[in-house]
Amino acid sequence: EDQVTQSPEALRLQEGESSSLNCSYTVSGLRGLFWYRQDPGKGPEFLFTLYSAGEEKEKERLKATLTKKESFLHITAPKPEDSATYLCAVQPGSSNTGKLIFGQGTTLQVKP
Amino acid sequence: DAGVTQSPTHLIKTRGQQVTLRCSPISGHKSVSWYQQVLGQGPQFIFQYYEKEERGRGNFPDRFSARQFPNYSSELNVNALLLGDSALYLCASSDRGNQPQHFGDGTRLSIL
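Just so you know, the protein sequences line up as chains A and B, in that order.
For the first sequence, our numbering gives the first residue as 1, with consecutive numbering after it.
For the second sequence, our numbering gives the first residue as 1, with consecutive numbering after it.
Just chain B, same shape as in the assembly (with noise of 0.2 Å):
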């Protein structure tokens, strides 16, 4: 079976300029949520989506937004990038609530 896959596997932009990174779940998971994770330290939540709804949301600026379509993949979109928003961007899956999160190997995301 398929896990999570994202794309494209890296990114270079410079800054002020927008990225959208990709995600689709496992098959027949409904939940999808957005990690940062910057070198050296452990992922930071983004955003969930359950069934198309926004569930959650971590501190981040409002720079940062998310969707999810009607096959439960979704997208990451990010403007005005800054230096700072280099680092892996991980997608993660779920059947529902309290099930563990399936992860993809992410974008790995610089800016120059």
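If we strip away everything but chain A, and leave its shape as in the complex, we get (with noise of 0.2 Å):
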């Protein structure tokens, strides 16, 4: 069955300390995977798309990763606006749709 395991569930961190959240995957083929910033009251915004292992994007303080079981999203230096809920999708290369299956997202918060 595919799957999508995010971790941590939540994690507060102090302004400039930097962090990784992870997200284990088990799917039947990758097509690709995303990762997406939600925050209160909005859907979710898209920051990255990765397609093979060993691929990585950047964007301002945000790093992904991908390896053949896991992403990382590494968050350098951290500012207080980057607090939000961080989701993690994957796209199944089983399928004919464009379905994504969702973790259950890391809740991020920055302390100034």
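No lab work stands behind these hints: they were computed from the structure.
Computed from a predicted model, the values in this text were never measured in an experiment.
Listed next, the in silico DSS-like pairs over lysine-lysine satisfying Cα-Cα at most 30 Å (straight line): (1) A/LYS63 to A/LYS79; (2) A/LYS57 to A/LYS42; (3) A/LYS79 to A/LYS42; (4) A/LYS42 to A/LYS63; (5) B/LYS52 to A/LYS42; (6) A/LYS57 to B/LYS30; (7) B/LYS30 to A/LYS59; (8) B/LYS30 to B/LYS52; (9) A/LYS59 to A/LYS111; (10) A/LYS42 to B/LYS30; (11) A/LYS42 to B/LYS13; (12) A/LYS79 to A/LYS57; (13) A/LYS111 to A/LYS63; (14) A/LYS57 to A/LYS69; (15) A/LYS59 to A/LYS42.
If you anchor each label on the Cβ, the simulated ranges turn out as follows: (16) B/LEU39 to A/ALA77: 29 to 35 Å; (17) B/THR14 to A/GLU17: 46 to 52 Å; (18) A/GLU15 to B/THR14: 42 to 48 Å; (19) B/GLY16 to A/LYS63: 45 to 51 Å; (20) B/LEU39 to A/LYS63: 26 to 32 Å.
Facing chain B, from chain A, some residues (calculated, C-beta under 10 Å): (21) VAL4; (22) PHE34; (23) GLY41; (24) LYS42; (25) GLY43; (26) CYS88; (27) ALA89; (28) GLN91.
Virtual Cβ for every residue (Gly too), placed ideally from N, Cα, C.
Join these two chains into a complex; the hints should help.
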């Protein structure tokens, strides 16, 4: 069964304290792995797509990496405005649909 | 450029009623997907439509139905509402295949 698990469920950081969020997945083939940011009361905002093991993407203080079993979202020197829920999703290669399977998310709080 | 727009933003219904939610995709996007997000969880896939054809369906009962119009906008219908249908309903659009899906801010549906 295709499954995505994110850890930790919640993370509290001091401003400037770097850390990583984990996304472990089991999927029958991988068409793509996606990272989203979701603010309270809003829809998920697209951050990155990763397609193959070894691939890395960066955007400001965020860097996403991918292996055959997991993905990491590294946050370098976070600021309070980085506080949000970060969602990981996979698109199975076994399906012809655009179906995304999401993890439950990691809620990040960055304190000044 | 306008993003994905959804209407209404909030809706309150009672058990047994029917509801229709609407979504306009990003201009040029031909694929629309619907997701249900219960508080504290990641979004769950309901439907995908591409070029007005249903391309995928998640594990939801037949009370849930959808359609896509020639202008690529979409409607999600839910009949015989249950308390458990209370959730944030998200619409996402994409250009094609494994391209990133971009989400609207959702319709918050509350069932009394």
